[in-house]
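Participant: Each chain, letter by letter, is given below.
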Amino acid sequence: MFVTAPAAPHWRAFTLLVALAMATAAGCRGEGGVVPGAARDRLIFAAAADATTLDPHNTTDTESDQVIMMVYEPLIAFDDQMKIGPRLAERWSVADDGVTWTFHLRSGVRFHDGTPFDAEAVRLNFARVLDPVANHKRLSLFSMIDRVEVVDPLTVRFVTKYPFGAFEPTIAHVSSAIVSPAVAAAHGKAFGSSAPAVSGTGPYRVAGWKKDQEIVLERFDGYWGTKGVTREIVYRPIPEAAARVLALESGDVDVISRIPATDIPRLESRSDVAVYKLPGVGAQQFRFNVSRKPYDDPRVRQAISYAIDRQAIVRNLVSSFARPSTSALTPIMRGYVNLGEIPYDPDKARALLAAAGYPKGFATKIATTPRYPMGVELAEAVAADLKKVGITAAIEVFDWATMVQFWAGLPPEKNPQEIFIMGAGASTADADWGLRPIFRSAPTNENNYGYYSNAEFDRVIEAAMRETDAAKRQALYRRAQEIVYLEDPGAVWLFDTLYSVAARKAVSGVRPLPLGVVTFERAAVAAS
Amino acid sequence: MRGLGRLVGRALARLVPVLLAISILVFSIVHAIPGDPAVIAAGLEAAPATVERIRRDLGLDQPLPIQFASFVGRTLAGDLGVSIRTGAPVGQEILDRLPHTVILAAGGVVIAVGLGLAIGIAASLSRRVVTDRLLTALSLLSASTPSYWLALMLMLVFSVGLGWLPAIGVGTPAHYVLPCVALGLQSAGAVARMTRASVREVLAQDFLRAARAKGVPERLAIARHGLRNALLPVLGLVGLRVGGLLAGTVLVESVFAVPGVGRMMVDAVVARDFPMVQGGVLVVATMVVVVNALTDVTASWLDPRVRT
Chain V
0 MFVTAPAAPH WRAFTLLVAL AMATAAGCRG EGGVVPGAAR DRLIFAAAAD
50 ATTLDPHNTT DTESDQVIMM VYEPLIAFDD QMKIGPRLAE RWSVADDGVT
100 WTFHLRSGVR FHDGTPFDAE AVRLNFARVL DPVANHKRLS LFSMIDRVEV
150 VDPLTVRFVT KYPFGAFEPT IAHVSSAIVS PAVAAAHGKA FGSSAPAVSG
200 TGPYRVAGWK KDQEIVLERF DGYWGTKGVT REIVYRPIPE AAARVLALES
250 GDVDVISRIP ATDIPRLESR SDVAVYKLPG VGAQQFRFNV SRKPYDDPRV
300 RQAISYAIDR QAIVRNLVSS FARPSTSALT PIMRGYVNLG EIPYDPDKAR
350 ALLAAAGYPK GFATKIATTP RYPMGVELAE AVAADLKKVG ITAAIEVFDW
400 ATMVQFWAGL PPEKNPQEIF IMGAGASTAD ADWGLRPIFR SAPTNENNYG
450 YYSNAEFDRV IEAAMRETDA AKRQALYRRA QEIVYLEDPG AVWLFDTLYS
500 VAARKAVSGV RPLPLGVVTF ERAAVAAS
Chain D
0 MRGLGRLVGR ALARLVPVLL AISILVFSIV HAIPGDPAVI AAGLEAAPAT
50 VERIRRDLGL DQPLPIQFAS FVGRTLAGDL GVSIRTGAPV GQEILDRLPH
100 TVILAAGGVV IAVGLGLAIG IAASLSRRVV TDRLLTALSL LSASTPSYWL
150 ALMLMLVFSV GLGWLPAIGV GTPAHYVLPC VALGLQSAGA VARMTRASVR
200 EVLAQDFLRA ARAKGVPERL AIARHGLRNA LLPVLGLVGL RVGGLLAGTV
250 LVESVFAVPG VGRMMVDAVV ARDFPMVQGG VLVVATMVVV VNALTDVTAS
300 WLDPRVRT
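So the sequences go chain by chain: V and D.
Numbering-wise (numbering that gives the first Met the number 0), the first sequence opens with residue 0 and increments by one.
Numbering-wise (numbering that gives the first Met the number 0), the second sequence opens with residue 0 and increments by one.
What the hints contain is simulated information worked out from the structure, not anything from laboratory work.
Be aware that a few hints might be false.
[Stated by the list, open to error] Derived lysine to aspartate or glutamate pairs resembling DMTMM-like cross-links, with alpha carbons at most 25 angstroms apart:
#, chain 1, residue 1, chain 2, residue 2
1, V, Lys-188, D, Asp-95
2, V, Lys-188, D, Asp-56
3, V, Lys-292, V, Glu-119
[Said to hold, decoys possible] Quick list of the computed label-pair ranges, beta carbon to beta carbon:
#, chain 1, residue 1, chain 2, residue 2, range
4, V, Lys-504, D, Ser-69, 38 to 48 angstroms
5, D, His-30, V, Ala-383, 31 to 41 angstroms
6, D, Pro-47, V, Pro-278, 47 to 57 angstroms
7, V, Asp-96, D, Pro-64, 53 to 63 angstroms
8, D, Ile-28, V, Lys-413, 56 to 66 angstroms
9, D, Val-7, V, Lys-413, 49 to 59 angstroms
10, D, Ile-28, V, Val-375, 22 to 32 angstroms
11, V, Arg-314, D, Arg-199, 52 to 62 angstroms
12, V, Asp-346, D, Ala-136, 54 to 64 angstroms
13, D, Pro-64, V, Ala-383, 41 to 51 angstroms
[As the list claims (entries may be wrong)] Reference excerpt, derived from the structure (chain V facing chain D, CB under 7 angstroms, subset only):
#, residue
14, Thr-114
15, Asp-130
16, Ala-133
17, Lys-136
18, Leu-138
19, Ser-192
20, Gln-212
21, Ala-241
22, Ala-246
23, Ser-249
24, Lys-387
25, Thr-391
26, Ile-394
Predicted model only: the values in this text are computed from it and were never measured.
Glycine is no exception: its CB is placed at the ideal position from the N, C-alpha and C atoms.
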């Protein structure tokens, strides 16, 4: 489902200072750090953090994901618009029983270490990620898989425990990427932690990895498909956002991501930099802890939703990277239905509060973290709007690790939060993973950190999960979104996040994806 | 020389209780701050069962005294454990990064001492009040400029503006220039102020007057008799500042994207990667204690009065 966590501490005051200083320094800026010579066979990308692991079965962060996507491939894969197409499998089908999926594999594919790719490799991969003893972090993503069988060397069959409507996005997920069984077996738990312990079938292989310094990817000349353009792609982590921007401007690096909101307009105004912005799977919301009064009453939650002027918040704080939300999912996601922006209507909010028994409002608190872009400012804006309908909200700011602890595993009576910020964004770009773990109450509260509970929602989401017919599935998800977004709101959806990447104009073919990652297999750096 | 050997021995013996105290302190602090490493390691898309298994794998389900005992036991055996975030051995992770931090700290000390002494001596000897005031103001300014702000300004001017030096990363000696300056400049201000005060004081002492009286040229009198005495407190200050410099690497390494121990510890704290935090703090603490012991030894070698 969700949670997009910015990777580095965000020193806001610091960024602001730099933005100010930029204005004064603009006059003395020369052609700093320009690399002379012809078209370069090397592209440098400044990531916000080093990859944590290059083991697809263990990855939970986008900085790792985007390297993994260059090095490994799944059987089927998302394109730029999150449509699913063939990759290591040429074609696939599901049987009438809805649980048997057959994939016909591409022949002649080899891993970087020379191991041939075949059905047995696929079987071993899923045995690896599903092994409870090995305890890979992505195990729960694949909990619907009952078994994986080799039909013949180029045909593999998955059988799920129940018909699972989101099976294709799950198999296209970055964690479904196929690793070399030989290299995985040789390195055991250390697989994915160093350059020699990585081997996939992707267009680039890992040539070197110095922790926190750089990952060097080299074009894999034995690649089965269209080969990469630039010979070397270097990932250089720069944790401090302001320094990342400066490195792009000085020409030390060619591409950056995770651009501070305040720097986007300035980068856009530069003639030697291009900023790419695209709608993604990410959204910013404030969630309710419905186990606490008065949030057990849907009218109170609706009132708060109407009391917030989203247009003004987006315009004043985050216009460079946000669009007001139109549903509990973002438009690029499978199952999304446009339910429109929630209008700003303080009168209606007051009426709803009065009906719920709070004509004079009440006191509450909002928990936030600066790890989300503008996280503190957003909480302040929400609190200011709530004040106008009589709700006094105190703002509590936490660091990421403390915030996460509130979210994971606490029983309702031990969770003191009332309204809390959260970034949403299903890494499968599908309604199931985008709604089920975070709002379903039965049979388990998986990642439902607001203890949201709605019997009809539970029923609908369960039915939708098991529905493989696209039209019926869409109708069920429409109903689910109507419930959780409008009728019995589980959150205040503020805005959908645009994913932004900035590159020097000399760079072409940069491929940002709605998942909040960027890949470089088609990227070229022109002579400067 | 026998006295010197005993001094070194005593300094090293002091290391043991200090490190033990630090271990207890760090262990208590990392376990007292809120945040669950298993939750962070699993990522927020993980099912609670996965988190539980990770917690068990890491031994975090054990009572704290048992965790502490196993931490001390392992550390004494030279094993700093395994990083929760990356799964790599902490000792190796630190060794890989330590050279960068040592270069930064050493470069920072060179700049602090070089610049600080030059400005301090010049200010104390200058006969013009304006020059003295100017130099004093300069040292005050550098002593009170936050290093991360300075880091960005240096980057802005020398990388983005002039294009003379690389803005980020490591690779060539040029990469270390800006980070070392950012790190050392603040201490340079403090060293300059201390030098100025100390030289001024020494200049008024009787033994210097005696040296002048017996006809030693002024420059020689200051260099041989004055500075040697004036620099003792400065040396003490530098020894103390090394700890501050190492703390400064935390910020400077993050801004300049230097893959050092300071930045590693920031990431480790954010991820509540206990073994990494504990290992990093132990190594840095050892460095500080060793450097302080070295300054003590040097001071007593320079000044017989300190030897007891």
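Participant: Going back to the hint list, which numbers does this structure go against?
Facilitator: 3, 4, 6, 8, 14, 15, 16, 24, 25, 26
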